[in-house]
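The listed protein sequences correspond, in order, to chains A and B. The numbering of the first sequence is this note's numbering, which starts it at 1 and goes up by one. The numbering of the second sequence is this note's numbering, which starts it at 1 and goes up by one.
Hints are computed from structural coordinates only; laboratory data are not their basis. Accuracy of the hints is not assured; some may be wrong.
Below, simulated DSS-like cross-link-like pairs (lysine-lysine); rule was C-alpha separation at most 25 Å, straight line [claimed, not checked]: (1) A:K196 <-> B:K321; (2) B:K363 <-> B:K300; (3) B:K363 <-> A:K86; (4) B:K405 <-> A:K195; (5) B:K421 <-> A:K86; (6) B:K363 <-> A:K195; (7) B:K300 <-> A:K86; (8) B:K417 <-> B:K363; (9) B:K417 <-> A:K195; (10) A:K151 <-> A:K195.
Computed list of chain A residues with no C-beta within reach of chain B, every gap over 12 Å [as the list claims (entries may be wrong)]: (11) F119; (12) F121; (13) R139; (14) W183.
Facing chain B, according to a computed beta carbon distance under 8 Å, are these residues of chain A, among others [what the hints assert, rightly or not]: (15) E42; (16) D57; (17) A60; (18) Y61; (19) N65.
For each residue, glycine too, the CB sits at the ideal point set by N, CA and C.
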Amino acid sequence: MRSNHARALPPLLFALAFSFAARGADSLGLPADYAAVVTPCEASVAVAAVNDPIPCDDEAYALQNYLQRQGVFYDVVLAAPDDITKYHGCDAVVSGTIAVSAPQTQADGPGALVSVGTFGFYYLLGFGYKTQSVKVDYRFDVVYPGSGLRKQYAFSDVRSYCYGIYGPAMDVMTKPQLYDPGWAELLYLLCRDLKKEGAGK
Amino acid sequence: MKTLHVLLTLPLAALCCQASPPYVERQPLLAAGQHLQVQAMALDDLNAMGQFGAAGEIGPLTSSATYTYDTTYMHNMEMASGIVPLAYRDLALSAFAMGRYTDAIHGALKSIEQAKLYYQGDAWLVSRALNLEDNSRVLYQSYLKLGNLAEAARYHRQFLIVSELVNSDAFKFLDLELICLRMTSLKELSNYLDKHHWSNCTQFWVTAATTAAAIALSSQGHHEAAAAVIATGASVVLAVEYYKIQLKAQHSFNVAQLMTEFATMANLPPPSPQDIERLKRSTNFYHLAMARDSTNAVDKAQLQSLAATVTQCVDGLDEVKDADGNYHITGDLPALLAYSMRLDEVPLSLPPPAKRQDVFLDKYLSPSLFRMSGLRMTPEEAALLKDAIGDGKSKELVLDLRTEKGRELMRAIDRIKRKAKEGQAWASSL
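Here chain A stands alone, though its shape is the one from the complex (with noise of 0.2 Å):
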């Protein structure tokens, strides 16, 4: 009895350690000297329109509130659309779009092996054999007021999640998550240009 139990613990061990290995990812990742350039500055952001495919929400108000979360600037004020570096005085302006594309689903065969590897308790018991992924197109258009440079950010950033035979547990597109790795590029690539090159100043 003891020695059954011991048979079927490795291939359920290897299981288990597979699919929490194989959940929730982003491409983008965060650079490896992310956390000593994004560090509090003496800087202030505004932030104009920033705008996706969904018409009834203005993706500015998400940007603002998380960067006001980070405390990295002392402050993150919305520009007004008639002018967008008038009035605030601010460091650096952010305006922008995304771009998303449809979600698609596909088979992991890595999935289905250790299915047939562990006589389908793999699958049965839920672990991933799916893979949904989405497309998120950046692109920022920066301007910093102080040294009137422009610049513009643009990178894409793969979401996907691995899912079994209960659907997905996480929905990738789900708003503001879905947006937050492409925030957290966008702050450090303000962060490293206004304290590295003194953009802002």
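Given chain A, put chain B in place with the hints provided.
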């Protein structure tokens, strides 16, 4: 059969009566000054509607962050349509109250833009008019505080036009009509009556309760009281019927034309000098100056001296960042705080206008004065600075930007610097 009908409609009726307008929980918080909470709640509503699955669509069942609306009922449809425009409006109102004027402009313009989408059609005339009125007010007051008098005058004129309309007899008539408030055609009215089971339900319960009470009283021998209860019940049922008859009344004014006017209102021509003058005359600074006794008015030399002193204090500030990332601000901080607070009082104590009022309007009520008043210290900022400076002898302020308090202090000092600059510009132009 009737009982079955009532039982079937009860869950739906319960759903309808539980749903409240999306702004209902934010209103008391706005009045109480809980602006951060209002903003969090409004953002939750935007998040609920801004999902890829929802995408702002008003379906048969539409959910905000707090409520689910069965939009087959007209009054629920109105509430669901208001989720996004009212969330933006409340964001604008709270930002204005916090002195964040660019945030307020952003929110108010988004609210007007979304009202065009969600309040399409004659049925939403009142909602759209009220939305336009609220947002025009926020826009003109915000632009005024930012010193952009042209934009402020444009939105002030828009506010006056919409405000006049909203206060007209026709709108007051609409207000009196209670549940037929948004019924602007007989077709919508009949649809509403077909679908609105709740009023039928009310009648049923009133009748049932009345009968039960009457039977109870009658069995105890109180025949007169039983008759009175039956009469009261009958009058309540009649009142409900009266509302139904009132609902059938067609409104007499041309709603479609008004909606077209609202749509074109954003394209108003640039403001004339008279518009700007009217705007200046509507400010409380002008009214206070008019009411002031010339004997105790602040004179020009005093104003210029005060502005120069504040600028001197600001120029004397020294800022150093240490190895730990903390900012050390040194200078005559107690004097800076005291003179800054006195500068805040200047717009409220302008000297009374002489005979030539146009000269007063141009000279004193200039963009710099409005910008200076927009940078007035809030009571929270003043308390925070007083607390940080301590016993009034401290010459150094250490700001840790990793903490919220440190960032708030940095914001407060930044505002004082900008205010001193505006004050100096204003005083030197007198």
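Evaluated hints:
Using a Cα cut-off of 25 Å, the hinted pair A:K196 and B:K321 holds, with the two alpha carbons roughly 16 Å apart. For the hint linking B:K363 to B:K300, the alpha-carbon distance of about 11 Å falls within 25 Å, and the restraint holds. Between B:K363 and A:K86, the direct Cα distance comes to roughly 23 Å. Compliance with the 25 Å bound is thereby established for this hinted pair. Our distance criterion of 25 Å between C-alpha atoms is met by B:K405 and A:K195, whose separation comes to about 23 Å.
Using a Cα cut-off of 25 Å, the hinted pair B:K421 and A:K86 holds, with the two alpha carbons roughly 16 Å apart. Of the supplied pair hints, the one linking B:K363 and A:K195 is violated, its CA atoms being roughly 42 Å apart against a limit of 25 Å. Pair hint B:K300 plus A:K86 does not hold up; C-alpha atoms about 30 Å apart against a cutoff of 25 Å. With a C-alpha separation of about 23 Å, the suggested pair B:K417 and B:K363 falls inside the 25 Å cut-off, and the hint holds.
Restraint check for B:K417 and A:K195: the C-alpha separation of about 22 Å stays at or below 25 Å, so the hint holds. With a C-alpha separation of about 15 Å, the suggested pair A:K151 and A:K195 falls inside the 25 Å cut-off, and the hint holds. Interface exclusion of A:F119 from chain B stands, the closest Cβ pair being 37 Å apart, more than 12 Å. For A:F121, the shortest C-beta to C-beta distance to chain B comes to about 33 Å, beyond the 12 Å cut-off, and the non-interface label holds.
The Cβ of A:R139 lies farther than 12 Å from every Cβ of chain B, with a closest approach of about 19 Å, so its non-interface assignment holds. With a closest Cβ-Cβ approach of about 15 Å to chain B, A:W183 is found to remain outside the 12 Å limit, as its non-interface label requires. Checking A:E42 against chain B by beta carbon gives a least distance of about 6 Å; that is within 8 Å, so the hint holds. Residue-level restraint check for A:D57 holds (minimum Cβ-Cβ distance to chain B is 3 Å; threshold 8 Å).
Because the closest C-beta pair between A:A60 and chain B is about 7 Å apart, less than 8 Å, the hint holds. Annotation: interface hint on A:Y61 holds; nearest CB of chain B at approximately 6 Å, less than 8 Å. With 8 Å as the threshold, the beta carbon of A:N65 comes within range of chain B, its nearest partner Cβ sitting at about 6 Å, so the hint holds.
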